[in-house]
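One line per chain: the protein sequences are A and B, in this order.
Numbering (my numbering) for the first sequence: 344 to 411.
Numbering (my numbering) for the second sequence: 344 to 411.
The set of hints was computed from the structure by calculation and includes no laboratory data.
Treat the hints with caution; some may be incorrect.
A pair counts as met if it fits within one copy or between any two copies, since identical chains are not told apart.
Stated by the list, open to error - Capping the alpha-carbon separation at 25 Å, the derived lysine to any residue pairs in SDA-like fashion look like this:
#1 Lys401 to Ile351
#2 Lys386 to Asp354
#3 Lys401 to Glu346
#4 Lys386 to Glu372
#5 Lys386 to Leu367
#6 Lys405 to Glu358
2 protein chains.
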Amino acid sequence: MCEANAYILHDDGTEELFLGAVDLIEPNENGGLKLVSIFGEQKIIDGSIERMSLVNHKVLLKTRNREQ
Amino acid sequence: MCEANAYILHDDGTEELFLGAVDLIEPNENGGLKLVSIFGEQKIIDGSIERMSLVNHKVLLKTRNREQ
Numbered sequence: 344m345c346e347a348n349a350y351i352l353h354d355d356g357t358e359e360l361f362l363g364a365v366d367l368i369e370p371n372e373n374g375g376l377k378l379v380s381i382f383g384e385q386k387i388i389d390g391s392i393e394r395m396s397l398v399n400h401k402v403l404l405k406t407r408n409r410e411q
Numbered sequence: 344m345c346e347a348n349a350y351i352l353h354d355d356g357t358e359e360l361f362l363g364a365v366d367l368i369e370p371n372e373n374g375g376l377k378l379v380s381i382f383g384e385q386k387i388i389d390g391s392i393e394r395m396s397l398v399n400h401k402v403l404l405k406t407r408n409r410e411q
């Protein structure tokens, strides 16, 4: 299977698992992203794709800065 | 291998292959995307991800409308 793990990339360079075994990724209506795992688990993030490597099964996400 | 094929999704619903065997996807500095295949072929698109299914090895891209 070719699902990937999606991590939030923090400003200090650390990566935090957001959702494992991600199959589907699509933008949602609020400018964020909807991710759905192969198990049907669905998570929304107010952020965007920072980069991804499909061969490495890895998606890095960046959250929008909510502090204005 | 878990690379995917990236297609441009046209307004009429047809899909046009943009780059095969994509490994890396990341935003570029112009608000578009850079895609790199497992063979090192690199393509830039002035557009965004419409949706993707990693299990189906498929990335759908939408080009920005250049006609204003």
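Evaluated hints:
1. In this assembly of identical chains, the alpha carbons of Lys401 and Ile351 lie at most 25 Å apart whether taken from the same copy (11 Å) or from different copies (22 Å).
2. Taking CA atoms no more than 25 Å apart as the test, Lys386 paired with Asp354 passes inside one copy only; the shortest distance there is 21 Å, against 28 Å between copies.
3. Taking the shortest Cα distances, Lys401 and Glu346 sit within 25 Å of each other both inside one copy (9 Å) and across copies (12 Å).
4. Taking identical chains as interchangeable, the C-alpha atoms of Lys386 and Glu372 lie at most 25 Å apart only when both belong to the same chain, with a minimum of 14 Å there against 27 Å between chains.
5. Proximity of Lys386 and Leu367 under a CA criterion of 25 Å is satisfied in both settings, with 11 Å inside one chain copy and 22 Å between copies.
6. Proximity of Lys405 to Glu358 under the C-alpha cut-off of 25 Å is restricted to the intra-copy arrangement: shortest distance 10 Å within a copy versus 28 Å between copies.
The structure meets every hint from the earlier list without exception.
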